Structure formats: structure tokens, C-alpha cells
Amino acid sequence: MSEAPFGRRLATVTGVDELGVYRVLRVAEQVMPQSGWQAGELQPGQFAMLAAVERWGGGEGERPYLPRAFSIARRTDREAHFLLEDVGPGTQRLCELRAGDQLWLLAPLGRGFIPPRDGRRALLVGGGVGIAPLAILQDTLAAGVGQGHGPASEATVLLGFRDSSRAPGAALLEGAQVATDDGSVGYHGLVTELLAAEIDRDPHAVVYACGPAGMLEGVRALCERTGTPAQLALEAGMACGYGACFGCVVPKRGGGYLRVCVDGPVIDAAELEHVDSHAGAPA
Amino acid sequence: MTVEFCGLTLAHPIINGSGTFDAIAARRVFGDALLADFPFSAYVSKTITLEPRVGNPAPRLWETAAGLINSIGLPNKGLRGYLAEDLPQLAEIAAGAGDAQGGDPVPLITNVMGASAEELSTLVGACEERAEIAAIELNVSCPNVKTGLDIGADPVQLEQVVSTVRNQTGKPLIVKLTPNTADVAACALAAEHGGADAVSLINTLRATALAPRRPGQRAGRSDGGPGESSGLWLGGGSGGQSGPAIRTVALAQVSAVVARVVIPVIGMGGVQSSAHARDLIDVGARLVAVGTESFRDPAAGSRIALGL
Numbered sequence: 114m115s116e117a118p119f120g121r122r123l124a125t126v127t128g129v130d131e132l133g134v135y136r137v138l139r140v141a142e143q144v145m146p147q148s149g150w151q152a153g154e155l156q157p158g159q160f161a162m163l164a165a166v167e168r169w170g171g172g173e174g175e176r177p178y179l180p181r182a183f184s185i186a187r188r189t190d191r192e193a194h195f196l197l198e199d200v201g202p203g204t205q206r207l208c209e210l211r212a213g214d215q216l217w218l219l220a221p222l223g224r225g226f227i228p229p230r231d232g233r234r235a236l237l238v239g240g241g242v243g244i245a246p247l248a249i250l251q252d253t254l255a256a257g258v259g260q261g262h263g264p265a266s267e268a269t270v271l272l273g274f275r276d277s278s279r280a281p282g283a284a285l286l287e288g289a290q291v292a293t294d295d296g297s298v299g300y301h302g303l304v305t306e307l308l309a310a311e312i313d314r315d316p317h318a319v320v321y322a323c324g325p326a327g328m329l330e331g332v333r334a335l336c337e338r339t340g341t342p343a344q345l346a347l348e349a350g351m352a353c354g355y356g357a358c359f360g361c362v363v364p365k366r367g368g369g370y371l372r373v374c375v376d377g378p379v380i381d382a383a384e385l386e387h388v389d390s391h392a393g394a395p396a
Numbered sequence: 384m385t386v387e388f389c390g391l392t393l394a395h396p397i398i399n400g401s402g403t404f405d406a407i408a409a410r411r412v413f414g415d416a417l418l419a420d421f422p423f424s425a426y427v428s429k430t431i432t433l434e435p436r437v438g439n440p441a442p443r444l445w446e447t448a449a450g451l452i453n454s455i456g457l458p459n460k461g462l463r464g465y466l467a468e469d470l471p472q473l474a475e476i477a478a479g480a481g482d483a484q485g486g487d488p489v490p491l492i493t494n495v496m497g498a499s500a501e502e503l504s505t506l507v508g509a510c511e512e513r514a515e516i517a518a519i520e521l522n523v524s525c526p527n528v529k530t531g532l533d534i535g536a537d538p539v540q541l542e543q544v545v546s547t548v549r550n551q552t553g554k555p556l557i558v559k560l561t562p563n564t565a566d567v568a569a570c571a572l573a574a575e576h577g578g579a580d581a582v583s584l585i586n587t588l589r590a591t592a593l594a595p596r597r598p599g600q601r602a603g604r605s606d607g608g609p610g611e612s613s614g615l616w617l618g619g620g621s622g623g624q625s626g627p628a629i630r631t632v633a634l635a636q637v638s639a640v641v642a643r644v645v646i647p648v649i650g651m652g653g654v655q656s657s658a659h660a661r662d663l664i665d666v667g668a669r670l671v672a673v674g675t676e677s678f679r680d681p682a683a684g685s686r687i688a689l690g691l
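As they're listed, the protein sequences go chains A and B.
Just remember that the working numbering sits 113 ahead of the position in the first sequence, which is counted from 1.
Just remember that the working numbering sits 383 ahead of the position in the second sequence, which is counted from 1.
Hints were generated in silico from the structure; no laboratory data involved.
Certain hints may be false.
From chain A, some residues computed to sit far from chain B (all C-beta separations above 12 Å) [what the hints assert, rightly or not]:
no. : residue
1   : S115
2   : L132
3   : V137
4   : Q151
5   : W169
6   : D190
7   : R191
8   : G257
9   : G288
10  : Y300
11  : A310
12  : P342
13  : K365
14  : V375
Okay, the calculated bits of chain B under chain A, using three or more residues with CB under 8 Å as the criterion [as the list claims (entries may be wrong)]:
no. : stretch
15  : 432-443
16  : 459-468
17  : 515-522
18  : 537-546
19  : 672-681
Values in this document were obtained by computation on a predicted structure and should not be read as measured data.
Even glycine gets a Cβ: it sits at the ideal position worked out from N, Cα and C.
With the rest of the complex left out, here is chain B:
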């Protein structure tokens, strides 16, 4: 069941969505059992930014019908902290997981986000220097520092950014597309024209929730904080919807993108079972990422890969 992806040979087509599985924390919680049954054939880091971020104020989660909204705010140690502290630990986990399966280390994909082509270039250039990193994923769901528009939402801007960043690395470059745009296939094509080796989708759909209003009944917000005055629940105001609620949207967007680009596509969005992964593969996805389902079961990736 091995899969070729941008020159990497993966044991199966199931990887994790960025920011949905902290392998370092999981190693502490589950010990060596994590390595023995590592759920992903490649491991994608959470989003790394140039400077450290603490993330959004609580509350950060809201459960919806068949899914959840998260408003985490990309907490991370920043590029320097990631390369110095997290990457060596991830490499050790990747080697241990590979060993347990009698193979090479699980390839590490580092996801980075920046507010300009220059910032992204710095991030990608630093990743290029590190042998532990097999591939780089660009999170382009970030407002451009100059235009205020999400970099990934505008095909013209996206192509410019990708082509600039492309020069910084010979490693496979994946562009994680945003679904919050008028024409995701046009953005995928722009990424391809800019020199991307692959695209991944879908990221979460922008969403929000109101704090419950019945007094005393369910937890509500009554602290006078920013969320309360607007009646919004999430500390960050809005967030991203994930889970099975968005699976049909993912299927449509992956299909549309596969029809427009020749580079490989990583499909994701609400995958809970092997059948759901098979759906995305059937419409043309090379790899399938599991995200929210790992929250419900850390071994979901293994179960889904096994059933393919």
C-alpha cells in the first residue's frame, strides 16, 4: 500500500492535518506505545511562525453538530524554538516510529505561516537547512501584512508568494489552501504556477458561535471580556469549523482542485473512517489527512489506514 508523494515513499496514504496531533505531547502521554502504532505515514507539524505565539484567550473550542469550531490561535515556540527544541524531539519520534515498522523514519513535514513573502522565505529558508525536514507546507490562511487579505484567498497574490518562497528550497513544497475563498481551484492552480509541488485542502471553514444565553443553565460568558459584549463565545471571536460536518464540502473542493491541477493533492476534511478516506482517494487525492477524528481517538489514523 506504499504511496509515492513528491519523491517520498510513504507506508500508506494517511497523514495528519497540521495542528491536530502534538506528537511530543502524545509521546509523553502514551509512551513507546505511540511509536509501535504510529498512526501516520508522514507527520505534519503544527504551524510554526517566525516569532513565538501564546495563542488565543479561552474559550478556544465550541462543539457543533458533528464537529467543532476551534479558535486556538497557532500557539508555537517560534522558528528558533521549534528548530532548537521541537524538531530534534520530532525526529526522534519519527525514527522510533519508523523503527517499530522496520523501516525508515516517518518523514517530517514542517508547516509554516508568515504575513508576507519575505517572512515566509525566512521560514522556508531555515527549514531548507535542516535535514530532519522532508517537506514544507505553507499555511497561507494568514492575512497579508500589507493588504489585509488572506494570502491564500487571492490567486494573484498566492502565485507571487509561492514563486518567491519556491526559490528558498529544493524540498517538496506543499501549499495548504484555504477554503474561505471564491474559487479554491483557481487558488490551487495559482499555487501550481508558483511552483508548488503539491496542495493540501481543506483547511477549516471560518465559523463562529454565540455564548449560550440562558442564565445559570449552561456555562456562558459573563466576565465582561471581549467575547461577552458581542455575545460571541470564542475568546478569539471566530474560529474554524472542522469535523464530519464539513466532509461533503471537502469532497467537493478536492474534486474541483484535482480537476484543475496536475500536482498531487492531499485531501482532508471530516474523515472518520476508511470509507471516507477512500472517497477522497477516489476523487483523486494522493494522500488523506486525518484531523478532528484524532481528537476522538488518537489511534484513528492507524484504524483508517488499516481499513484501506
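One chain only, chain A, in its complex shape:
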């Protein structure tokens, strides 16, 4: 896991790619380390707080005011990538950014995924814009093969989307099986149904999931039934991203709360009794 430089810093947008309704925001980045599993490396699943430098505010309800949390979707030699969907005044403003525009960036934050042990197969399960951290996870797993220190495990990618305007998001990862709620692309049904079949096929697989609360609860319940280890990357509205505000909590199994920003965002499914949708806040 990598520590973050103290304080938000300026970053410049290098480009924006369209994937259906989603936008891949590409940002010039020289500070964060490359992704990997060693101490000091960027851990897949770590996230950033982003805000536009210009016109942050003045949208719907005179918002946004706070920065917004995004998984680091990809780390290339010179860029960090983020996956956006316009679902509120903050994400709307970020979706408007173009090459040359400036951002405030605080990163990398949080605890990411832990690699699979003993060469077990990794099942990457994503829903909607939540597919983002699975891309850097896939990259990192692929890079680790044959490196000696990384896990030499295969990854199977299962992604669910609402409809055909969102299914193009699957291009963020390689070789994904796609499910859509309306059946317009790929399997007609829930991505958790694809997951159940994969776990049947390989009971020793381990699950890495990120997506809406309902999907994550489905993954959690399924993995609990089958005894499959699962790491869930949670989403929560946050004010700060570094443990200061105590706003982004989810209930912990056995009582009390976890802060998604510093105890997560990746949390072992066994730590949760259920995945709660209450941590949500305006986007």
C-alpha cells in the first residue's frame, strides 16, 4: 500500500474517452507509484478524491462543494485513469472536463485488494461504474504472472450493466463476460448468476467485487453460502477520504462501524453482516 503525499495537489487532464455513458478521465500523474503488491506500491482498489479547480460549485443545488471519491481505474507510466458516470452535480462537472483542464487530486487513499494466495483463480465481479478498480486489479494480476512475487493466478471477469448504453464500459477490462438487466447485451440477468455458475465450476476461486450495494449484497450472500473468500470494494459518500470526517461508515459484523475510507474501501466480506446502502450520499 502506498502513502499519499500530504495535501491535495494540482493535476492536469490529458484526455477523456467515451465508453457508452461512461467517461474515462485520464490525468497526468508522476507522483503515485505504479501498481503492485509490495509495500510502497499502488494497491489495486486504492482511490482518489477529485475536484475540478474551476467551477466546483454552482451546479444543481449550488453544489458540488466537497471533492468526490473515485477508484483509481488504471495506472499507466504517465497517467492515472478514473471511470465517471454523470449521476449528480459533482460527477457532472467532472464529466465536463477536457484535456488541459485542472483537477485537485488527493491520492492514493485507502486499503486495496489483497492478492489471491496459492495460485487460486480470481473472479472479478463488477457492476456499472463500479467496474473501475477491477481494471487496475486485472492489470496488476496480469503483470504479476511469472514475476515471482506476484500471484500467478488466472482472472475471470464478470461484469453487469443496466442496459446497452452502459455495457460498452466492459471494454475497460479484457475478456469480460457481460450481463445486462434488460438482456440487450450478453447474458440476460444478474451478474451474480454468472458468478454462481463460476463458483460451481471452481469452488477454490476467490472473489473480488465492486458495484452497487444490491449487487455487492448478492455477491456477499452467495459467497457466504458457498464459503468463497470475497473482497468487496465499497462505495460511500465521503467528505474527506482520509479518516477525518467519520461520515462514510458501514455497519460492521458484531456491532460498530467501519470507515470506508481508511478501513476500506476494500473490505473482507466476512467483516460485514450485509452490505448496506445507507452510506450513499449525493454524487
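Dock chain B against the given chain A, drawing on the hints supplied.
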């Protein structure tokens, strides 16, 4: 730019508002970089209560125009857990931050809250015993267990409580006033009469928000929980408004208090820049606390202090 405050010499006038900066979590996230550029000249802990608290159910945040409402519910390990686990870590951070600036440890101020004078006395008495604690701040935005009224909202009650607690400590005693009262200056005067060494204000303004009603569009609450039946968004029902939205209120209340008391005043409320801090200092605040702006930038305190 050093500032004298209740016998403490501070490197600059910028401190943090209680509950807006978890130095222990920040140390884990930012490592030694936090110490090298520690943003505050004194560090105020989050509110400590006698017994541990887990805090309010989610959702705990609501973004507003130029600010936010929080309904966190004062999660903390309780007095015993704080003194045993958190305070030693805070002292280490304070020493490291002082070292990095070639000076003494950053003074630690412990904020405590209790529902009666007796409870507050126990808390303050325990803080008195610990050399790591340089000063104590009373959070009096707590309903009195007997009257149900916020201790800090009623000048008569406040003066009684402060004078009782005053006997428990020789350390500087700061009273964090509540803005949710008819006459904040009268409360400040009561705190002074009770023996407070300083007052701090403003705390957050009581506020609430309704859950969004358009189905399917924005995240709303549809779980049948307590918030949903009332249409309220926050798990705790109501919370406190902070951020630049309340800056003008803070300026007015700090001005009013400075006019009535002779003890030093810590001003806060929506400070985002050195100019905003300067405004509060110009109306008479000795120190200025930064809170919500640290959420947007953890190094905000350093930036604001540097620009003064």
C-alpha cells in the same frame, strides 16, 4: 507570528476544530509527511465522552450549498480508551510535528462532553492527571441529563457547570459555545464568570435535510428505517451545518462575544482562506480554527497559516 494563548506559545494562530481532523488516521494515510507539514499550531481532539460511543447510523453526511450537514454522533473510545490508546499516539504525533519545525511538541487540547456537571468533572479531572494534555475544551452542546436543555444554551446552567468543572483542573479551560441559543454572548459571559480561560465558537448550526424524493434518480432512502418514515435523510435525524455557508454567522457571533468577554476567543466557521482567518482575527479572535476546509484539503491549515 507566534501567538500567546492561555500561557501556551503557539507557532501561529491556526488550529483545528474538534472532530474535523483525526491525526491518528492521517498519520497512517500520509506517514511522516503529516509531521513535516503539520497544519495546526495546537491540536484539538475529537470529543471524548465517559463511555465509548459507536456514533450515529448512516447516512451521516449531506452536502449543501457551500457546506455540509454532518450527523456523526461523536464516536469515540470513551475516556479510558482515549487515555490508554489514543493520547499516547497523539503525543507522539505532537512531538514529531514539533520536532519537524524545530520546536516543542504541538500542544494537545482534549475536548470532552458530558451530560452533567458530575460527568464533566470526572472527564476533566482525568485530563488534569495527564501531562500530555496542555488544555481542555468543554463541548457543552449536550443535553443536560436532568433538564434536557443543552448545557451550553442556557447561561445560568452553563455558569454553574463551568464553575464546578473549573475546580477540577489548573490547565487552561476552553468552553466551546453552541450557536444554537438565543444569546451566544450571554453564554460566553456566563462561561467567563464560571471560570473559563477562553471560549471557542461557533459550533455547527443545527440543520437537517430531506431524502431526495425522485424515485430511481438519486440515492434516496427506501429501507423502512427511522429516517425514511419521516422523510429525513440523516440516520441521526438532524445534524450540524458547517462550511462557508455559515461564515457570516460565525463572524457576527465572534464579534458579539469579543465585545462581551475579556478572555481570549477562538473563532471558527467556514474559514477557507487566510483572508477569512484574518477577518476573524480582525474582529478580535486570538486563534482561528479550521474544520470543514480540512475535509477538502488536509493541508488547508498550513496553507491558511502561511498566508497570514
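Now for the hints, and whether the structure bears them out:
no. : hint    : result
1   : S115    : violated, 10 Å
2   : L132    : holds, 22 Å
3   : V137    : holds, 23 Å
4   : Q151    : holds, 16 Å
5   : W169    : violated, 9 Å
6   : D190    : holds, 24 Å
7   : R191    : holds, 23 Å
8   : G257    : holds, 25 Å
9   : G288    : holds, 32 Å
10  : Y300    : holds, 23 Å
11  : A310    : holds, 29 Å
12  : P342    : holds, 25 Å
13  : K365    : violated, 9 Å
14  : V375    : violated, 5 Å
15  : 432-443 : holds (count 6)
16  : 459-468 : violated (count 0)
17  : 515-522 : violated (count 0)
18  : 537-546 : violated (count 0)
19  : 672-681 : holds (count 6)
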